[in-house]
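Novice: Same order as they appear, the protein sequences are chains A and B. Position 278 of the first sequence, counting from 1, maps to 278 under the working numbering, and the rest follow consecutively. Position 489 of the second sequence, counting from 1, maps to 489 under the working numbering, and the rest follow consecutively.
Honestly, the hints are just simulated from the structure, not real lab data. Keep in mind it's a predicted model, so treat the numbers as computed, not measured. Some clues are possibly wrong.
In silico BS3-like links for lysine-lysine, alpha-carbon gap of 27 Å or less [to be verified]: (1) B:K312 with A:K98; (2) B:K619 with B:K631; (3) A:K267 with B:K137.
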Amino acid sequence: MIDFQTLILTLQEYWKDQGCVLVQPYDLEVGAGTFAPPTFFGVLGPDPWKVGYVQPSRRPSDGRYGENPNRLYQHHQYQVILKPAPEKIQDIYLDSLKILGINFQRHDIRFVEDDWESPTLGASGLGWEVWCDGLEITQFTYFQQMGGFELDPVPVELTYGLERIAIFLQGVDNVFDLEWAPGVSYRQMRKRQEYEFSRYSFEEVPVEEYRDLFTRFEKESTDILQSGLVYPAYELVLKCSHIFNLLDARGAISVSERANYIGRIRKLAKGCAELYTQKRQDD
Amino acid sequence: MNQEKENILLEIGTEEIPASYIQPAINQMLIWGEKWASRSQLTAWGNPRRLVLFIRGVERYKTETVWGPPLERAKDKDGNWNKSAVGFARSKEMTVDDLRLGEKNKKKYINLDVRTDLTQEMSDQLIVLLRSFSFPKSMRWISGDPFKFARPIRWLVFLRGESVIKVQIAGITADRYTRGHRFFGVDRIILNSADRKEYEQVLLDQHVIVDQSRRRKKLLGDILSEQKKYRPDISEVDLDSALLDEVCNLVEYPRIIVGDFDTSYLEIPSPVLITVMKSHQRYFPVFDPSGQLLSKFIVVANGPYQDSEEIKTNNERVLRARLDDAKFFWEDDIRRTLEDRVSDLKGIIFHRRLGTYREKVQRLERLAPFIAEQLGLSESQIDKTKRAALLCKSDLTTSLVKEFTELQGVMGREYALKAGEDPEVAGAIYEHYLPVSAGGSLPETVVGQVLALADKLDSVAGFLSAGIKPSGSQDPYALRRQTQGIIRLVAEKKLPFRFDLLVEEAIAGLGLDDSLIQDVTRQVLDFFRLRLEAYLVARDVSPPVVDSVLSAGWQDFQDVSSRIEVLQSLEGSDILLAAATIVERTHNIVRSENLTGEDEVRDDLLVEKAEQGLFQALKSSGIVGKLIDGKDYRKATEEYARIFSRPLSVFFDEVMVNVDDKDQRKNRMVLLNLINRVYSEKVADLSLLQFERGEHVV
Numbered sequence: 001m002i003d004f005q006t007l008i009l010t011l012q013e014y015w016k017d018q019g020c021v022l023v024q025p026y027d028l029e030v031g032a033g034t035f036a037p038p039t040f041f042g043v044l045g046p047d048p049w050k051v052g053y054v055q056p057s058r059r060p061s062d063g064r065y066g067e068n069p070n071r072l073y074q075h076h077q078y079q080v081i082l083k084p085a086p087e088k089i090q091d092i093y094l095d096s097l098k099i100l101g102i103n104f105q106r107h108d109i110r111f112v113e114d115d116w117e118s119p120t121l122g123a124s125g126l127g128w129e130v131w132c133d134g135l136e137i138t139q140f141t142y143f144q145q146m147g148g149f150e151l152d153p154v155p156v157e158l159t160y161g162l163e164r165i166a167i168f169l170q171g172v173d174n175v176f177d178l179e180w181a182p183g184v185s186y187r188q189m190r191k192r193q194e195y196e197f198s199r200y201s202f203e204e205v206p207v208e209e210y211r212d213l214f215t216r217f218e219k220e221s222t223d224i225l226q227s228g229l230v231y232p233a234y235e236l237v238l239k240c241s242h243i244f245n246l247l248d249a250r251g252a253i254s255v256s257e258r259a260n261y262i263g264r265i266r267k268l269a270k271g272c273a274e275l276y277t278q279k280r281q282d283d
Numbered sequence: 001m002n003q004e005k006e007n008i009l010l011e012i013g014t015e016e017i018p019a020s021y022i023q024p025a026i027n028q029m030l031i032w033g034e035k036w037a038s039r040s041q042l043t044a045w046g047n048p049r050r051l052v053l054f055i056r057g058v059e060r061y062k063t064e065t066v067w068g069p070p071l072e073r074a075k076d077k078d079g080n081w082n083k084s085a086v087g088f089a090r091s092k093e094m095t096v097d098d099l100r101l102g103e104k105n106k107k108k109y110i111n112l113d114v115r116t117d118l119t120q121e122m123s124d125q126l127i128v129l130l131r132s133f134s135f136p137k138s139m140r141w142i143s144g145d146p147f148k149f150a151r152p153i154r155w156l157v158f159l160r161g162e163s164v165i166k167v168q169i170a171g172i173t174a175d176r177y178t179r180g181h182r183f184f185g186v187d188r189i190i191l192n193s194a195d196r197k198e199y200e201q202v203l204l205d206q207h208v209i210v211d212q213s214r215r216r217k218k219l220l221g222d223i224l225s226e227q228k229k230y231r232p233d234i235s236e237v238d239l240d241s242a243l244l245d246e247v248c249n250l251v252e253y254p255r256i257i258v259g260d261f262d263t264s265y266l267e268i269p270s271p272v273l274i275t276v277m278k279s280h281q282r283y284f285p286v287f288d289p290s291g292q293l294l295s296k297f298i299v300v301a302n303g304p305y306q307d308s309e310e311i312k313t314n315n316e317r318v319l320r321a322r323l324d325d326a327k328f329f330w331e332d333d334i335r336r337t338l339e340d341r342v343s344d345l346k347g348i349i350f351h352r353r354l355g356t357y358r359e360k361v362q363r364l365e366r367l368a369p370f371i372a373e374q375l376g377l378s379e380s381q382i383d384k385t386k387r388a389a390l391l392c393k394s395d396l397t398t399s400l401v402k403e404f405t406e407l408q409g410v411m412g413r414e415y416a417l418k419a420g421e422d423p424e425v426a427g428a429i430y431e432h433y434l435p436v437s438a439g440g441s442l443p444e445t446v447v448g449q450v451l452a453l454a455d456k457l458d459s460v461a462g463f464l465s466a467g468i469k470p471s472g473s474q475d476p477y478a479l480r481r482q483t484q485g486i487i488r489l490v491a492e493k494k495l496p497f498r499f500d501l502l503v504e505e506a507i508a509g510l511g512l513d514d515s516l517i518q519d520v521t522r523q524v525l526d527f528f529r530l531r532l533e534a535y536l537v538a539r540d541v542s543p544p545v546v547d548s549v550l551s552a553g554w555q556d557f558q559d560v561s562s563r564i565e566v567l568q569s570l571e572g573s574d575i576l577l578a579a580a581t582i583v584e585r586t587h588n589i590v591r592s593e594n595l596t597g598e599d600e601v602r603d604d605l606l607v608e609k610a611e612q613g614l615f616q617a618l619k620s621s622g623i624v625g626k627l628i629d630g631k632d633y634r635k636a637t638e639e640y641a642r643i644f645s646r647p648l649s650v651f652f653d654e655v656m657v658n659v660d661d662k663d664q665r666k667n668r669m670v671l672l673n674l675i676n677r678v679y680s681e682k683v684a685d686l687s688l689l690q691f692e693r694g695e696h697v698v
């Protein structure tokens with residue numbers, strides 16, 4: 001049986017062999033690997049780029065106090081970007097599943113339509129959810145847009161849902177029953193955090209302070225973008241995005257406010273993409 | 001020259017195309033195929049990884065006559081072909097021996113039967129086809145190439161007979177190699193020729209059923225034989241055909257596998273379970289003979305799996321996780337009643353320009369009881385209508401409906417019952433969304449009918465007043481369908497409403513500025529009239545009959561309907577012909593005069609005997625009006641024809657209408673106009689009916 005850390009190592013090894021640069025998880029709160037700079041900036045512009053990394057991803061609304069066997073405040077993604085998308089990318093991806101021990105004569109692998117969109121990042125793409133025996137294990141997306149920019153060459157993004165794949169490979173019903181390392185369970189590693197972060201985001205997040213923080217980070221991001229500092233400006237976008245997610249989980253955002261917040265984050269993200277593209281051309 | 005007819009095989013090999021794109025793509029290929037052959041020679045197939053067109057017996061060459069110079073300028077004085085004739089032949093890569101003679105405008109010319117190979121054109125046209133395919137969404141994938149398709153094209157087979165037709169597009173060169181099933185076939189199979197049977201068989205050997213109808217038949221057969229174990233009388237109509245179509249286009253080779261879930265989940269209302277299975281997982285639910293949901297499901301896998309045990313177990317685990325979620329939502333949702341949730345509707349926008357759902361509900365609380373009172377419902381039914389109006393949108397705030405929007409109304413009923421609401425109120429909450437499709441079923445309970453009318457009227461009047469109208473195929477708020485729903489309710493449930501009364505009341509609730517009301521009312525009523533025409537035409541009432549009846553008043557559907565019936569029953573009869581002749585002849589002569597029904601005939605200006613006689617007839621025609629008031633349109637038509645046919649005929653024989661004396665002329669016009677209006681204003685403007693010329697009798 002393949003434990004959680006071996007699953008990650010196997011994917012790292014595989015994508016290293018495919019020529020990916022392996023980078024470390026981004027050290028800020030993000031909702032998905034797509035938000036991390038190696039993807040957000042990496043897919044912009046004409047230069048070839050291959051990267052792989054684990055990204056712990058926080059989705060406060062999905063928190064269930066560690067009580068739900070399938071939903072988590074924080075899960076882990078394995079994120080791969082290949083630019084341009086290789087012609088045989090589906091086969092290359094399927095080979096990674098084979099290496100994880102998935103036998104295609106005994107498991108039903110399907111590419112099910114999923115048109116991906118991130119309104120906060122001004123990003124969209126076409127592709128699939130990859131299903132294994134009815135379980136979504138990967139998002140497979142040919143990006144068309146990022147930060148409002150049309151992308152050419154077209155990159156492909158592969159996002160493996162690591163907990164889902166581990167649940168499948170280990171044949172357990174509850175994510176907390178996963179074996180993380182020999183003799184160490186996912187429960188031991190994460191359950192307490194799941195409970196505390198769920199409580200914090202659903203019950204404790206100080207709404208007014210966070211609204212205020214949002215506005216301050218938003219202003220700071222705009223200001224330093226003026227000074228030409230793309231990466232710090234983008235980190236502040238990520239902070240805004242996470243604060244928005246927390247406020248949303250806390251039930252503090254009405255429907256009409258929601259669109260407004262998302263629009264504000266998108267505007268910041270677009271500004272960063274624009275400056276990045278412009279600087280690249282100047283270099 | 002039979003051997004020149006060859007078959008064409010086109011296979012566009014792709015990464016997995018969305019299921020819903022496949023049938024439209026097949027249709028587009030068929031249309032393209034008609035450039036080369038008739039529909040009966042075409043076969044088009046599709047599945048997620050390939051779109052296929054086979055054309056049987058296409059001519060390779062086309063022969064066209066090309067005209068050269070006149071004969072007299074094509075020969076020298078010795079009668080031999082001259083330079084220009086030789087040049088003409090050479091320009092078409094032919095010789096003077098091929099030249100023929102022909103006549104144009106009574107003059108002799110030389111010409112050539114030029115034969116062109118269509119292969120190049122077909123290759124060019126394939127590029128046109130691939131570039132013009134239309135999908136709901138398409139994507140780019142090739143660097144520096146704006147070419148778009150539903151998903152990347154990875155191979156192309158294009159054969160004429162035994163040869164490959166050369167085409168290059170999207171970084172692909174057409175060839176003769178196809179691919180089998182992604183996991184159960186080989187990925188390089190040579191095709192020797194464009195042979196339909198061979199192609200189908202080759203792919204079948206590679207576990208691909210390329211013909212969608214065969215795939216569907218196998219799938220349907222397998223599902224039915226499995227379901228029969230639990231419900232012996234099941235047939236195709238009991239299955240969800242949309243799901244069947246979708247699943248059929250999600251696989252290259254369908255294989256059904258049956259799974260189970262724990263019976264404890266059956267405590268969740270079955271619409272939730274069914275929706276989870278269908279919309280999240282594309283599973284088929286299984287029922288017992290009484291229609292009760294069983295704790296089983298059917299999953300359709302893609303491939304000829306020998307050992308399906310793991311697939312079954314894993315799918316069961318996935319469903320369990322989904323059902324856990326649904327159960328969590330259900331249990332969480334029922335902690336608060338629908339009544340509690342009414343105020344939450346302030347947080348949900350109905351439409352930017354029409355306010356929140358709370359405001360919509362407030363409008364319904366006013367409009368629905370009004371309609372109920374008009375129907376003469378009892379106090380208790382009016383109270384139930386009010387209650388249902390208050391609660392009907394609250395389920396939009398529940399987690400389950402947020403997760404599965406298609407369960408709106410369905411869950412509302414469940415929550416209402418759970419909270420001990422009156423079953424009629426609960427039923428109306430569900431029914432007020434009906435009909436959900438053009439031919440969908442209508443609310444059965446009267447409270448449901450009232451609320452359904454109110455909800456649709458408010459939406460249609462609201463959106464139109466905000467300037468949001470359907471255009472072409474764009475109708476994002478389904479205003480056409482909703483209006484048709486109102487018409488169907490009034491028509492099929494025989495509700496005694498005038499459309500203008502309903503529309504005016506709905507508009508009154510919108511809080512519009514007084515200055516706008518008249519204009520908005522006219523717009524909404526125009527919209528209703530168009531939908532009413534469409535409704536009647538769709539029910540096989542001929543467009544001229546629709547026009548003529550509606551132009552004599554259309555607000556009261558039951559009345560419209562009885563006038564149509566009379567017209568239809570009188571079709572071809574002498575009576576109708578006579579009435580139509582009166583209406584038409586009077587109409588023809590007065591139509592450009594701008595007369596109203598207010599003008600009166602001046603007795604003193606009637607000098608001719610025939611016009612006096614006609615006026616007498618008009619004065620004695622009160623019986624027609626009485627019959628019309630009594631809605632006896634058949635009798636009214638008979639009387640109208642009887643009273644006016646002869647005097648009018650005599651009038652036209654003996655009296656000139658267009659005389660110099662303006663007063664006299666006008667007086668005659670007024671007389672004819674009034675005769676016309678007796679019928680055409682109240683029953684039908686028969687001048688809009690088209691009668692064969694020969695049938696004019698009077």
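Novice: Take the hints in turn and mark each one as holding or not.
Specialist: Against the structure, the hints:
As the CA atoms of B:K312 and A:K98 are separated by approximately 20 Å, the hinted pair is consistent with the 27 Å bound. Taking the CA atoms of B:K619 and B:K631, the gap is about 21 Å. The hint holds against a cut of 27 Å. As the CA atoms of A:K267 and B:K137 are separated by approximately 25 Å, the hinted pair is consistent with the 27 Å bound.
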